Amino acid sequence: MRDYIYNFWQGLYTILVGMKVTLRHVFIPAVTIQYPSVKPQMPERERNRLYVNMDDCIGCDQCARACPVNCIEIETVKSIPGEDLGTTSNGKKKALWVTTFNIDFAKCCYCQLCVFPCPTECIYMTDVYEFSEFQRESLVYDFVTLLPEERIQKKKNYEELQIKKEAEKAAAAKKAAEEKAAALANKPEEPKQDNKEENK
Amino acid sequence: MMYDWLYNLTGSELLAMFIVSLLPLFVFILPFALLAVLAERKVSAHMQDRLGPMRTGYHGILQTVADIIKLLQKEDLVPTATDKMLFNLAPLLTFIGSYAAFAVIPFSGFFIGTKIDLGIIFIVGITGLVVAGILMAGWASNNKYSLLGAMRSAAQIISYEIPTLLIILTIVMLTGTLSLYDLSEMQTAYFWNWLILGGPAVGIQKILLIPLMMMGCLIIYTSTLAEVNRTPFDIPEAESELVSGYHTEYSGMKFAMFFLAEYANMFAVSAIVAIMFFGGYQSPFGYLGNTLGWSWLVPIEQFSWFTSKGVFFVLVQMWLRWTLPRFRVDQLMAFCWKYLIPFSFVILLLVGLIALI
Numbered sequence: 001m002r003d004y005i006y007n008f009w010q011g012l013y014t015i016l017v018g019m020k021v022t023l024r025h026v027f028i029p030a031v032t033i034q035y036p037s038v039k040p041q042m043p044e045r046e047r048n049r050l051y052v053n054m055d056d057c058i059g060c061d062q063c064a065r066a067c068p069v070n071c072i073e074i075e076t077v078k079s080i081p082g083e084d085l086g087t088t089s090n091g092k093k094k095a096l097w098v099t100t101f102n103i104d105f106a107k108c109c110y111c112q113l114c115v116f117p118c119p120t121e122c123i124y125m126t127d128v129y130e131f132s133e134f135q136r137e138s139l140v141y142d143f144v145t146l147l148p149e150e151r152i153q154k155k156k157n158y159e160e161l162q163i164k165k166e167a168e169k170a171a172a173a174k175k176a177a178e179e180k181a182a183a184l185a186n187k188p189e190e191p192k193q194d195n196k197e198e199n200k
Numbered sequence: 201m202m203y204d205w206l207y208n209l210t211g212s213e214l215l216a217m218f219i220v221s222l223l224p225l226f227v228f229i230l231p232f233a234l235l236a237v238l239a240e241r242k243v244s245a246h247m248q249d250r251l252g253p254m255r256t257g258y259h260g261i262l263q264t265v266a267d268i269i270k271l272l273q274k275e276d277l278v279p280t281a282t283d284k285m286l287f288n289l290a291p292l293l294t295f296i297g298s299y300a301a302f303a304v305i306p307f308s309g310f311f312i313g314t315k316i317d318l319g320i321i322f323i324v325g326i327t328g329l330v331v332a333g334i335l336m337a338g339w340a341s342n343n344k345y346s347l348l349g350a351m352r353s354a355a356q357i358i359s360y361e362i363p364t365l366l367i368i369l370t371i372v373m374l375t376g377t378l379s380l381y382d383l384s385e386m387q388t389a390y391f392w393n394w395l396i397l398g399g400p401a402v403g404i405q406k407i408l409l410i411p412l413m414m415m416g417c418l419i420i421y422t423s424t425l426a427e428v429n430r431t432p433f434d435i436p437e438a439e440s441e442l443v444s445g446y447h448t449e450y451s452g453m454k455f456a457m458f459f460l461a462e463y464a465n466m467f468a469v470s471a472i473v474a475i476m477f478f479g480g481y482q483s484p485f486g487y488l489g490n491t492l493g494w495s496w497l498v499p500i501e502q503f504s505w506f507t508s509k510g511v512f513f514v515l516v517q518m519w520l521r522w523t524l525p526r527f528r529v530d531q532l533m534a535f536c537w538k539y540l541i542p543f544s545f546v547i548l549l550l551v552g553l554i555a556l557i
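Here the protein sequences come in this chain order: A and B.
Just so we're aligned, residue 1 is where the first sequence starts under our numbering, counting upward by one.
Just so we're aligned, residue 201 is where the second sequence starts under our numbering, counting upward by one.
The following block holds chain A by itself, in its conformation from the complex (with noise of 0.2 Å):
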């Protein structure tokens, strides 16, 4: 009989306990963040998506280097003679069209490995985490800055510098060949002298 009143006056009380703590939990403010309309406050070091300020790119491909899941990948082309690249905010002389700048954001796993190596610091994370796509490929950045022409035409430029050069080389080394071919006329015993010479 004791314990049958006992437990009446118990779960009578324990409930109002229970009441009472709800109560107190209806003003105490939510924890909720209204999320897409406020944005919760991130760490300061925070890893999220990537950003390449190509003005201060040098494509030097250590970034490139640094990723551990390849997700970087740099192609450039060498400056011709006359084009002024300008240079970093730090001073370094640009001398690399850089023609691909691909990150792919599937891939890459947020470790900011690619940022310390970079000499100018221009790879760096933002805060932007909301960059979802519904198509694997939109998900490929790329930070070139230059037109897809000025990409073709840079490349073409250094080509037909080659080219000319391989001329200028040819012709050089041709011209270098006659005139060798006519010393040679001129003065056969020459070299000979230098045989005996190196013989000696």
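There may be inaccurate statements among the hints.
Claimed, not checked - Looking from chain B toward chain A, a few residues come up when the C-beta cut is under 10 Å (computed):
| no. | residue |
| --- | --- |
| 1 | A245 |
| 2 | D249 |
| 3 | R250 |
| 4 | M254 |
| 5 | L418 |
| 6 | P432 |
| 7 | V516 |
| 8 | L520 |
| 9 | T523 |
| 10 | F535 |
| 11 | Y539 |
| 12 | F543 |
As the list claims (entries may be wrong) - Per label pair, the in silico range of CB-to-CB distance:
| no. | chain 1 | residue 1 | chain 2 | residue 2 | range |
| --- | --- | --- | --- | --- | --- |
| 13 | A | T14 | B | G211 | 58 to 66 Å |
| 14 | B | H259 | A | C111 | 40 to 48 Å |
| 15 | B | M453 | A | Y35 | 31 to 39 Å |
| 16 | A | N48 | B | M453 | 44 to 52 Å |
| 17 | A | Y35 | B | M415 | 47 to 55 Å |
| 18 | B | V546 | A | Y13 | 14 to 22 Å |
| 19 | B | F218 | A | Y13 | 47 to 55 Å |
| 20 | B | V402 | A | L12 | 24 to 32 Å |
| 21 | B | M285 | A | M42 | 53 to 61 Å |
| 22 | A | C111 | B | M351 | 53 to 61 Å |
| 23 | B | L262 | A | N70 | 45 to 53 Å |
| 24 | B | A534 | A | Y13 | 12 to 20 Å |
To be verified - Some chain A residues flagged as far from chain B (calculated, every beta-carbon gap over 12 Å):
| no. | residue |
| --- | --- |
| 25 | Q135 |
| 26 | P148 |
| 27 | E150 |
| 28 | A185 |
Hints listed in this document are in silico derivations from the structure and should not be mistaken for laboratory results.
As the structure is a prediction and not an experimental result, all values here were calculated from the model.
For glycine and all other residues, C-beta sits at the position ideal for the given N, C-alpha and C.
Chain A is fixed; fit chain B onto it per the hints.
Chain B only, in chain A's frame:
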């Protein structure tokens, strides 16, 4: 009275009857259900340190309106293996059962469906239709979880009818009336005339009645809470065990009917508690209308007192829902048969003895 007033206004018995019978639905139950569902969601959210619906309108106040529009637009799905007729009849029956109870509930001295003398008995009887509707829904769904829910519901409602009826019997014995209107009129003037504080009686009788009445109020509130299948007595629709019990297979407007019936029932049982123990539509301290001599203001005041009492008890139901975990089936039955019924018998006996003094 509302009916006479409308009869004089329109000159047509049929029209007046029609309006009077529909008035509680459109003036009261639908807006109440909309607000109560919203309140339920907001209250539960804030009790759990959340915010609840926030997108639809300012702080989500239009959420339930949007829900209703969605439910109205939904396709009326009837699963192939169901018993079609019973399946379609069940939500109607459930809603009729809970809506019919409003016929005898006095919203104010002026606005009451019918002033029949058997008010309480009528409510107890007609809400039996809800059990039939729930069982019908569970059976017709041809789904084991629905049937389990419905069986549990029937068992629960039938068990908890007993303490409810015993407390009602106590009140009837004390006051000598079954009419809810007379019951409300009896507890007029000031709050110390409310039955929770011993009723209009004076002297030693009143003092002796106070603890018994408080006990009785607690018992009838608990048992009616069980009758409307709400937490902690929500084993018929136990989400974690039975998906959602008897209305698992329902969608669209039929589901909305069950929902509306549940909320109408919630208010009906709160109203019964308010009428039987807290003076019904009576103000706790006189009327402004009487003081100023504006007799038209009194029914409006009474209506607002009644709704605020009812809504307060509905809010307490919600508060309990988000505080307490669900009963186990054996605990449910033990609580009814081992605690509520003996206590209500003791109250019945003691009140009978006091009434003899």
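To see whether the hints hold, each was checked on the structure:
Proximity of A245(B) to chain A holds as hinted, the smallest CB-CB distance being about 7 Å (cut-off 10 Å). The interface hint given for D249(B) is met, as the beta carbon of that residue sits about 5 Å from the closest beta carbon of chain A, less than 10 Å. With 10 Å as the threshold, the beta carbon of R250(B) comes within range of chain A, its nearest partner Cβ sitting at about 5 Å, so the hint holds. Of the supplied interface hints, the one on M254(B) holds, with its beta-carbon coming within about 6 Å of a beta-carbon of chain A, less than 10 Å.
Below 10 Å, beta-carbon pairs count as interface contacts, and L418(B) has one with chain A at about 8 Å; its hint therefore holds. With a least beta-carbon distance of about 9 Å to chain A, the hint placing P432(B) at the interface is held under the 10 Å criterion. Restraint check, V516(B) versus chain A: the minimum CB separation of about 9 Å is within 10 Å; hint holds. With its C-beta approaching chain A no nearer than about 7 Å, L520(B) sits inside the 10 Å limit, and its interface hint holds.
Taking 10 Å as the C-beta cut-off, the interface hint given for T523(B) holds, the closest approach to chain A being about 4 Å. Taken as an interface hint, F535(B) checks out: its beta carbon lies about 8 Å from the nearest beta carbon of chain A, inside 10 Å. At its closest, the beta carbon of Y539(B) sits 6 Å from a beta carbon of chain A; the interface hint therefore holds under the 10 Å criterion. A distance limit of 10 Å between C-beta atoms decides the matter here; for F543(B) the minimum to chain A is near 8 Å, and the interface restraint holds.
T14(A) and G211(B) have their C-beta atoms about 60 Å apart, which keeps the hinted 58 to 66 Å range intact. Between H259(B) and C111(A), the C-beta spacing of about 42 Å keeps the proposed range 40 to 48 Å intact. Hint check: M453(B) to Y35(A), Cβ distance near 33 Å, so the stated range 31 to 39 Å holds. For N48(A) and M453(B), the Cβ-Cβ distance of about 47 Å falls inside the hinted range of 44 to 52 Å, so the restraint holds.
Distance hint check: the CB atoms of Y35(A) and M415(B) are about 49 Å apart, consistent with the given range 47 to 55 Å. Checked against the hint of 14 to 22 Å, the pair V546(B) and Y13(A) passes, with Cβ atoms roughly 20 Å apart. The hinted range of 47 to 55 Å is satisfied by F218(B) and Y13(A), whose Cβ atoms lie roughly 51 Å apart. Look at V402(B) against L12(A): about 30 Å separates their beta carbons, and that is inside 24 to 32 Å.
The hinted range of 53 to 61 Å is satisfied by M285(B) and M42(A), whose Cβ atoms lie roughly 59 Å apart. Here the CB-CB span from C111(A) to M351(B) is close to 58 Å, well matched to the stated 53 to 61 Å. About 51 Å separates the C-beta atoms of L262(B) and N70(A), a value consistent with the hinted range of 45 to 53 Å. A beta carbon spacing of about 19 Å between A534(B) and Y13(A) agrees with the range 12 to 20 Å that was offered as a hint.
In this structure Q135(A) is separated from chain B by more than 12 Å, as the shortest Cβ-Cβ distance comes to about 29 Å. The non-interface label for P148(A) is consistent with chain B: the shortest C-beta to C-beta separation is roughly 43 Å, beyond 12 Å. With 12 Å as the threshold on Cβ separation, the claim that E150(A) sits away from chain B holds: the shortest Cβ distance comes to roughly 47 Å. With a minimum CB-CB distance of about 95 Å to chain B, A185(A) clears the 12 Å threshold, and the non-interface call stands.
Hint compliance for this structure: every hint is met.
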